[in-house]
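One line per chain: the protein sequences are A and B, in this order. Start counting the first sequence at 1; every next residue gets the next number (our numbering). Start counting the second sequence at 1001; every next residue gets the next number (our numbering).
In short, the hints are calculated from the structure, not lab data. Using N, Cα and C, we set each Cβ at its ideal position, and we do this for glycine too. Where hints are given, some of them may not hold.
For the chain A half of the interface with chain B, some residues (derived, Cβ under 8 Å), not all of them [to be verified]:
1. Leu286
2. Gln290
3. Ile294
Have a look at the derived ranges for each label pair, beta carbon to beta carbon [what the hints assert, rightly or not]:
4. A:Phe331 <-> B:Glu1189: 55 to 61 Å
5. B:Gly1150 <-> A:Leu21: 19 to 25 Å
6. A:Lys15 <-> B:Ser1023: 40 to 46 Å
7. A:Arg333 <-> B:Pro1126: 57 to 63 Å
8. A:Leu21 <-> B:Arg1013: 53 to 59 Å
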Amino acid sequence: MITPFEIAYKNLLRKKVRSLLTLVGIMLSTWVLVSLFGFNRGYEAALNRDIENMGYQIMVMAKGCPYEAATMMLQGGKGLRYMEQSVVRDITKEPEVDRVTPILMQAYFDPNKGESGGIAGFYGVDAGSYPAMKPFFRFRKGGWFKDNAADEVVMGYEAAELEQREVGDFTIVPEKNVKLKVVGILERTGSQDDGTTFVPLKTLQRIAQTDQITTVGVKVKKDADLNSLESKLYQLKDVQVVSFSQVKQTIMKLVSTARVMVFSIAVVALLIAMVGVVNTVLMSVLERRQEIGILKTMGAMPAHIFLLVWTETLILCSLGGAAGICLALVFSRLTDMLARSILPYAPSGGLVAIDLKLSLLSLAIIVVVGLLSGLYPAWQAGRIRPLESIRGE
Amino acid sequence: MTMAENEWSIKARDLKRVYRRGSEEIPALDGVTLGIAKGEFVCFVGSSGSGKTTLVNLLGCLDNPTSGELELAGRTVFGSGKPLGERELTRVRREIFGYVFQNFHLIPTLTVEENVALPLAFYRKPGAEAEVERLLKMLGMGHRRHHLPGQISGGEMQRVAIARALVNRPEILLADEPTGNLDSKRAGEIGEVLQELNRSAGLTVVLVTHNPELAMLGGRRIEMRDGRAFEN
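Could you put the whole structure together from the sequences, leaning on the hints where they help?
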């Protein structure tokens, strides 16, 4: 026996093009919605991942260094100021501090990088303390340098790929023309570390002709009061403190504008799709006035007709929503690229995180909004009286 | 009217229907009293505007009368004073009537079999499922069960519409101009089908028609003129 669901489904097949166009509208708005939700979740996760991969929660930098420098550092930028290495000792004294590591960052212009040259980032890191900050680093080949003054480097995965270097090869520091031996190549981390070349601290200081450092990475003890430590670190001479929670807040503020814009687009797209649903279903009801009247002579109650028409909306929204989710999954990489091109700062790794829970949530939103849109046409259909339809003959 | 109460399919007393257009009152039915016994085949004839469709709409519970009484299968439907709401009318319709109209109103995306079974999606008398098969065979549409309405002739479409009207085993079949869209040969075939249903199944048939040949099929012929019923 035929069920009301089959009747509704087969009715949608009557005007295939119209039903298809409505489906496409719902599909596109679902795509936007799912991608937006995916981005909302993915961006913050990627940012947290990046910050976690730093290995420390606080950076101490020379005073006068612009606040956004932290962001620049995350990106492997340059333009940082210098401070005395003795500050490391002062920071270590604080009881909240678990570990510290001094860092000297240098950026040199490499004319061979890319088509018209580019900046090559070098991290001068302490052979003793820095690897302990990054216990999650895995080596594709080789390992850390042991001597802080050795003419050696450890290359990130992408840096090694780009320069086609293997362990045992030599790499040149641009501008300075210093040859350093590659002793280790890291596995891909999905962070900015992939594009970085790590040099023993004293070696980079020698190359840069300085005995100073740019940054101190501070790992705080578990459950320690971050705010209290920050206040104490601010008492140190000529330094400024940047905690990554602050950095995250700043970046999230910058990104929120873009999120509001995209969210507005998603809402408009959703509204347009739902107007399409109302139009399609209402048109279908008006075209079938006589037929609906005849269904009532057969014994269909107003609630039967209401549910029949509502089921059509449900089918349209479920199919369109499911197709939109598939589209969002298939094109998540494209969305990722698009987001990267418009955002002020994009962390490494995937920016759009779509999982089953998020997909089901989006589908539920589309179906609920669709069913709300379908209320009016369904109510109109339920009110049709058989006599009116027969008179219409 | 000396028959026992349970032998009547329809009993109407002084049925009136007045339509209002602004302040103007248009009487469409002017006090019709009649009775149709169970198993009767009654034809209503008359010119356009004579009131035959209005009467059949009232008899078939598709509309409320302005005044008068109506009993269907021993049950008072109109006459208690309060007009019936759409739900109540639907309940009466699905219990008692099967309807056939000039336009077949088959759903084009459903097969012949699905169209016949369509009323069962909303209301199902016990054992009605078996009727689909029986009616398809009886009306000679068994071999067309998987065809879509667009793939069968007008006469066949009306047979499907008749089968659909009968699937819930109604007491009364109400056919309003069922041959209006058919040529004379097909119209004759549909007339024979209605006659056969009346004879073999004891179905009460109420037929409204312009077709004089079809009007001769019934045992009774009621002519409508100016909203009144005249029986030869």
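Against the structure, the hints come out as follows:
1. Leu286: It is violated, given that the least Cβ distance between Leu286 (chain A) and chain B is near 16 Å, above 8 Å.
2. Gln290: holds (6 Å)
3. Ile294: holds (4 Å)
4. A:Phe331 <-> B:Glu1189: 55 to 61 Å: About 59 Å separates the Cβ atoms of Phe331 (chain A) and Glu1189 (chain B), which means 55 to 61 Å holds.
5. B:Gly1150 <-> A:Leu21: 19 to 25 Å: holds (23 Å)
6. A:Lys15 <-> B:Ser1023: 40 to 46 Å: Check passed, 43 Å falls within 40 to 46 Å.
7. A:Arg333 <-> B:Pro1126: 57 to 63 Å: Holds - the Cβ-Cβ distance for Arg333 (chain A) and Pro1126 (chain B), about 59 Å, lies within 57 to 63 Å.
8. A:Leu21 <-> B:Arg1013: 53 to 59 Å: Holds - the Cβ-Cβ distance for Leu21 (chain A) and Arg1013 (chain B), about 55 Å, lies within 53 to 59 Å.
Of the numbered hints listed earlier, the single one contradicted by the structure is hint 1.
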